[in-house]
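Sequences are here, hints too, so could you generate the full structure?
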Amino acid sequence: MRALFLAIVLGMTLSAYDAAHLKKAMEEKECIGCDLRGANLSKSDFSGGDFHGSDLSGADLRESVFEMSDFNDCNLSKANAEGALFWKGTMMRCDLTHIHARKANFKGTHLEKSNLSFADFRGTKSWKANFTDAILFKTDFTDAELGDSKFIRNDLRSSKMKHTLLWQTHFSDTLLNKAQCTHAKKEEAILDANVTCR
Amino acid sequence: MKYMVLMWIIVGSLWGGVIQNDDQFKTAIASMGTENKLVLMIYTTDDCPECAYMKTKVFHDKTVEPYMSQNFVVIEKNVHKSKLPDGYDFFGIPTMFFIDKAGNKKETMVGSKRAQSFVVELRRIRGMK
Chain A
1 MRALFLAIVL
11 GMTLSAYDAA
21 HLKKAMEEKE
31 CIGCDLRGAN
41 LSKSDFSGGD
51 FHGSDLSGAD
61 LRESVFEMSD
71 FNDCNLSKAN
81 AEGALFWKGT
91 MMRCDLTHIH
101 ARKANFKGTH
111 LEKSNLSFAD
121 FRGTKSWKAN
131 FTDAILFKTD
141 FTDAELGDSK
151 FIRNDLRSSK
161 MKHTLLWQTH
171 FSDTLLNKAQ
181 CTHAKKEEAI
191 LDANVTCR
Chain B
1 MKYMVLMWII
11 VGSLWGGVIQ
21 NDDQFKTAIA
31 SMGTENKLVL
41 MIYTTDDCPE
51 CAYMKTKVFH
61 DKTVEPYMSQ
71 NFVVIEKNVH
81 KSKLPDGYDF
91 FGIPTMFFID
101 KAGNKKETMV
111 GSKRAQSFVV
121 ELRRIRGMK
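Those sequence lines, one after another, are chains A and B.
Position 65 (the first sequence) corresponds to 65 in the numbering used here; numbering is contiguous.
Position 71 (the second sequence) corresponds to 71 in the numbering used here; numbering is contiguous.
What the hints contain is simulated information worked out from the structure, not anything from laboratory work.
Treat the hints with care, as some may be off.
To be verified - From chain B, some residues computed to sit far from chain A (all C-beta separations above 10 Å):
1. Gln20
2. Gln24
3. Ile29
4. Asp86
5. Glu107
6. Ser112
Stated by the list, open to error - The calculated EDC-like cross-link candidates involving lysine to aspartate or glutamate, where the alpha carbons are at most 16 Å apart (straight line), are:
7. A/Lys162 <-> A/Glu187
8. A/Lys88 <-> A/Glu27
9. A/Lys186 <-> B/Asp61
10. A/Lys88 <-> B/Asp61
11. B/Lys57 <-> A/Glu187
12. A/Lys23 <-> A/Asp35
13. B/Lys57 <-> A/Glu188
In this text, all values refer to a predicted model and were calculated from it rather than measured experimentally.
Cβ coordinates follow ideal geometry from the N, Cα and C atoms, glycine included.
Set out below in C-alpha cells:
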C-alpha cells in the first residue's frame, strides 16, 4: 500500500508542470527553460513560439501548430504530438525518445543531434527535414514522407521504414540495412558513396 | 448613388480576380470543348519538393496519368509569381483545388499524396455531385 502511494506521488511529481510557466506559454507563446512536464498544450496555435531549453516530457501537444517555433535543447520524451505541426521549426539537440508523433508534420524542421530513439514517426510528413547526427534507434518511420530530407551520419538499421516515401532523400555517411537500401534506391533516394548497406 | 454602388460591384467583380476571369482557367475551360472535365489548380513554389514530387512523379504515374488526362485539366500557379484568384486562399503548399466548368470549387487538397491514394481521391472527387 505504501509502495503504491509512493509510486502515485512520484508519478505526480514527475509529470507536474509549473502552472506559472504554462500560463506564460499559453499567453505569450514563449517560455524558455520552462517546466512544462505533462502540460496540456493541445489544439492551440503557438506559431513562432520559443520554448527552447524547456522540459515538455509527457506534454500533450496534439494537433497544435508550432510553425517556425524553437524547441532547441528541449526534453519532449514521451510527449504526445500526434497531428501537430512543426513546420520549419528547430528541434536540435532534443530528447525525443518515445515521442508519439503519428501524422505530425515536420516539414523543413531541423532535428540535428536529437535523440529519436523509439520515437513514433509513423505517417509523419517530414519533407525537407534535417536528421543530421540524430540518434534513430528503433525509430518508427512507417508510412512517413521523408522526401528531400537529410540523413547524415545516422545509423538507421534498427529503424522501421516500411512504405516510407524517400523520393530525393539524401543519405550520406549513414548505415542502412540491405532492405532499407533496396527500398531507398527504388524510391529514388540519393545515396552517396559513404552509405553502408549491411 | 444606387447606380454608383452597382457600377462599383460590377467593376469589382471584373477586376477582383474571380476564377472565371483567370486567364489560365479560361484557357483550361476552352481546351475541354464539350467534355465535362474538372480543373485541377495546383499552387506551388519553386522551393517545394512536395510540388516537384506531385508534378514529376505522381501526375505521371501509370495509374494516375490516364485517369487524370481523361477527367482533369491541370493549371499551375506559383504563389510567389502568379496573381491568385479570390476565394482560393491556401494554408500549405502544394494546395490543389478542384473546380468545375462553372467555376465552383468542389474540393481542396493540401499536401502531397502517393499515387495510389491520389487516384482514389481523384475518382472520389470526380464522382462528387
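Quick rundown of the hints versus the structure:
The beta carbon of B/Gln20 is kept farther than 10 Å from every beta carbon of chain A, the shortest such distance being approximately 33 Å. B/Gln24, annotated as away from the interface, keeps every beta carbon of chain A farther than 10 Å; the closest lies near 26 Å. Against chain A, the non-interface label of B/Ile29 holds: every CB pair exceeds 10 Å, the least being about 32 Å. The Cβ of B/Asp86 sits about 25 Å from the closest Cβ of chain A, beyond the 10 Å cut-off, so the non-interface label holds.
At roughly 19 Å from the closest C-beta of chain A, the C-beta of B/Glu107 stays outside 10 Å, upholding its exclusion from the interface. The non-interface label for B/Ser112 is inconsistent with chain A: the shortest C-beta to C-beta separation is roughly 7 Å, within 10 Å. Straight-line distance between C-alpha atoms of A/Lys162 and A/Glu187 comes to about 12 Å, which keeps the hinted pair within the 16 Å bound. Between the alpha carbons of A/Lys88 and A/Glu27 the distance comes to roughly 22 Å, so the proposed pair goes past 16 Å and is violated.
Restraint check for A/Lys186 and B/Asp61: the C-alpha separation of about 14 Å stays at or below 16 Å, so the hint holds. The straight-line distance between the Cα atoms of A/Lys88 and B/Asp61 is roughly 29 Å, outside the 16 Å bound, and the hint therefore fails. With a C-alpha separation of about 11 Å, the suggested pair B/Lys57 and A/Glu187 falls inside the 16 Å cut-off, and the hint holds. Straight-line distance between C-alpha atoms of A/Lys23 and A/Asp35 comes to about 11 Å, which keeps the hinted pair within the 16 Å bound.
Of the supplied pair hints, the one linking B/Lys57 and A/Glu188 holds, its CA atoms being roughly 11 Å apart against a limit of 16 Å.
Against the hints set out earlier in the document, violations occur for numbers 6, 8, 10.
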